[in-house]
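Sequences listed follow chains A and B, in order. Going by UniProt numbering, 26 is the number at position 26 of the first sequence; the sequence numbering is gapless. Going by UniProt numbering, 57 is the number at position 57 of the second sequence; the sequence numbering is gapless.
To be clear, the hints were calculated from the coordinates, so they are not data collected in a lab. Quick reminder that beta carbons are idealized off the backbone N, C-alpha and C, glycines included. Mixed in with the good hints, there may be bad ones.
[Unchecked claim] Short derived list, chain B residues pointing at chain A, Cβ under 10 Å:
1. 51
2. 64
3. 116
[To be verified] Below are the BS3-like pairs computed for lysine-lysine, each with C-alpha atoms no more than 25 Å apart in a straight line:
4. 732(A) x 635(A)
5. 54(B) x 690(A)
6. 701(A) x 80(B)
7. 32(B) x 690(A)
Below, each chain spelled out in residue letters.
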Amino acid sequence: MATDALRSQVATKWQESFHRLNSDAPGISGLMNFSEAWAISTQYLYPWDINNAFVGANGRPFGKDLDAARPAFNLVNHSRRLPALLEIFLDDMRQNFYLIENEINQYMERYEASQETAELELLIAKLMEWYKSWAPPQELGSTVFSSYTLNFQTRLFSALPPSFAHGFKTLCARLLSPPADDLEETWDPNIYAELWKDFEVLGLIDRYESIIASVGYEFIEDHVLSRCTGEWGKPMLEELRVWMSEKVVPWMLHVYARGASNAEEARSMLQGVGSRFDFHINKTLCDLRTREIFDIIIDFPDSMGALQDLRDCLQRVDQRSNLVKSLRKSNQKRLLHPGADTKLILQQYVATIKCLRIVDPPGVLLFKVADPIRRYLSIVANLVGDDDGGDSLVDENEPIQPLQQPELEDYTDPSWEPEPVDAGPEFRTNKPSDIISTLVSIYDSKDLFVKELQVLLAQRLLLITKENSDRVERERKNVEILKIRFGEAALQVCEVMLKDMTDSKRIDGHVQSQKDSVVHPTIISRHFWPSLEASDLAMPGQFKTLQDEYAHEFSVFKPDKKLKWLPHLGTVQLELELEDRTVEVDVPPLEAAFIELFADQTVWILDDLISSVGSVDRSSAIKALSTWVDHGVLKEDPENTFRLLERAEEPSESTVRERDLAALPASEMDAPPLSVTQQQQADQMRVYWKFIEGMLTNLEKLPLDRIQSMLRFAPGYNQSIEQLSGFMEAAKREGLVVVRDGIWRLNK
Amino acid sequence: MEQLTSSLAPPRSSPKSSAPSSTQQVAGSVAKRLSNELMTLMMSSSPGISAFPKHDGNLFEWVGTIEGPSETIYAGLTFKISISFPSNYPYVAPTIKFDTPCYHPNVDITGGAICLDILQDKWSAVYSVQTILLSLQSLLGEPNNASPLNPDAATLWDKPSDFKTQLMKYYRPVSDST
């Protein structure tokens, strides 16, 4: 139902198109010309098989004469038929792309068989050839060219098999890393610039950007690991950065700063990726150091460089929790096991403190790592400093500060900084503290620490004999240092103990001047010393006389004081004159007491010996006697009867002695003058008794199981209900509590 | 009422908890403070005063025992008190009342409520169970007759023999009351 209007419109359009194609030429000659130009143009653009080209007379492929084609293009363009030409061209390309696909498949097959990246290089070169051959001439304008490129790339990507991605990565890695036989220094990443340009032309760089980046990452990882593993002496980070700017950045320029017209532009294009790569260096180094941290600490202070790296890396990379985890794990595995000597643990702990303070000055990491060690260690023994050094806790280069008390943060301090985010709620120190403060924090309270210190000091002082009396001075120095941290008051007791030592020496000097004696007592003020193990040992014979004589002189010198002997402590230097030999020994007093008895009577039975020296427990007596059996002075024959050997005998089979020694509980073998553990246990039981007393006072009467559960209020209570039952029975025997029908109450 | 609510809902702890190591479950600084106070009180051995949590697992409800100071009218008598700590202890004073009827100018004879300045407006976080118990013990011998809760007792204070009679009328020995 075409109307006249429509008819005339169509007619006008037709005329217009005709005129455009005919270009005002007479008749249809313009149309003929256009038809010829169209044919030449399509012929010229036709995507041909470069491997099987018909070669024309001019040595070029048939129909590929640009000079001939140029007027045709002009005509087509003039007739505004370029879009149609492009469409035809792209369609031809689609139909002929199988040629390239075949080619790709052939190359990829060869690559997959040989895994040689050289095949890929050839493939790229070949693809470039195809690309260039099919490319429309510049004369057709940039729109046509970019459509062509986009189309070519899209088809290429879909034609590339999955294995290409992997191969391409290998190829890139090869392009990035210097050839093995070449020296790293002379390697120039620019030698592959052409190839990178090809990648860019084919769109491979955009397409495989993540793969190329991963090549970069792996390259960095390899370098960091090979360069820095075990290299802790100096900081590596700077060196790595230099390396990166020399070796990686040029490579990155090809990949990421292509098309940059000047250095400034290149820099801004590289900024993002550069910071990613720099981050990767940090992270790789950080991970490496995290894995190595335990050994780094062992090597401290030779591993200073690694620690500085770690500190710098941690600021860039948030890997703190990994570090904590790793260190805790290796501590658990390598340090906190029964095979490790306490002293080693302590040394490592101190080194850990020092190291982590470098890595993390606020001390949060330390707090997190140290916790398991704290729990593991009982540390004071080493704190006061052993003779043979080890790592000194008292760092002379470090200003001594008073022990830090928990205090409110001073927010007015201009250098105040918030705690790091990973500081837990129980994070204790808000300021970096010195090593002793950190060590003391192992003990829950300062008091406990000081108490432990006293016990220890007592033990050490009592071991001092006339020969090594200079050790008093050393102890004094320690106490002085500790005093600065704990305050005068806390260590006053220790002070008194030290004073007792010097006083003893002075008093002894005076007494000796009045009357020579071989006795040199240490006179201690009972109230200020930890309670010493009581003993009922009474020294017999000449020892008794010596003691009494000394006591007499002492009472003349100090009429208001009286000596109470602790004869079981100390040592006795003896010279035994026997018929055929003289034996010179240093022995504990009990040994001396026994041998003294043999001066009057050569055969004793064990029970008589024990009763003659007051009362000592049997195992100590056996141990003392076996010392003499060891020296070949006594002989046990028969059992529990001891005979003095005035004449030496060939040592008979030592079975007797061994049996006796084996029968001794291990703790008796080298019992210290006062038993810390026993005393602590007694202290503990005293605490528990206070709680039991407290609950029975207030709750009147309780069954055993409720006492047990209520005792959980007592810190550190860990006794079983059977142990508690035994304890309550003992309290009942003491008349402290009564029980009826299983209900306990206080005995009022 | 306040006492009731605070005893019904002690913070961060479950009064019914009977699981092992329930003291550790009572997390938080209040429990820690109370635990420390208990330790201090147990180790201090002040004569005539004592206190202990009522139930295991709940540090917020305690029973206390106060012996009348010697040479006062209360000598030889023993009083039970209950102490209930609020969740924001020590910033707020614990609620304390006599469980043993106590005839005293500053103690409500029926409810057991106590009028003592440090338990009300003069409370400070530096006080502890021990200082409270010591204050209560000395309050027995030295009542504040200016602000009596028990006006009869305040009037009778100056007549020791009459006072003693009233005191013994109300007093019930501890072992009978439990």
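Given hint residue 80(B) paired with residue 701(A) - CA-CA distance at most 25 Å: Distance ~14 Å between residue 701(A) and residue 80(B) Cα, so the pair holds.
Restraint check for residue 732(A) with residue 635(A), where alpha carbons must lie at most 25 Å apart: 46 Å, violated
Restraint check for residue 54(B) with residue 690(A), where alpha carbons must lie at most 25 Å apart: 16 Å, holds
Given hint residue 116(B) near chain A, where the shortest CB pair must fall under 10 Å: 20 Å, violated
Residue 32(B) paired with residue 690(A) [C-alpha distance capped at 25 Å]: It holds: about 19 Å lies between the C-alpha atoms, which stays within 25 Å.
Restraint satisfaction for residue 51(B) [CB to CB of chain A, less than 10 Å]: Because about 6 Å separates residue 51(B) from the closest Cβ in chain A, which is inside the 10 Å limit, the hint holds.
Restraint outcome when residue 64(B) is required to lie within 10 Å of chain A by C-beta distance: Since the shortest Cβ distance to chain A is 6 Å, the answer is holds.
Checked against the numbered hints above, the structure breaks hints 3 and 4 and satisfies the rest.
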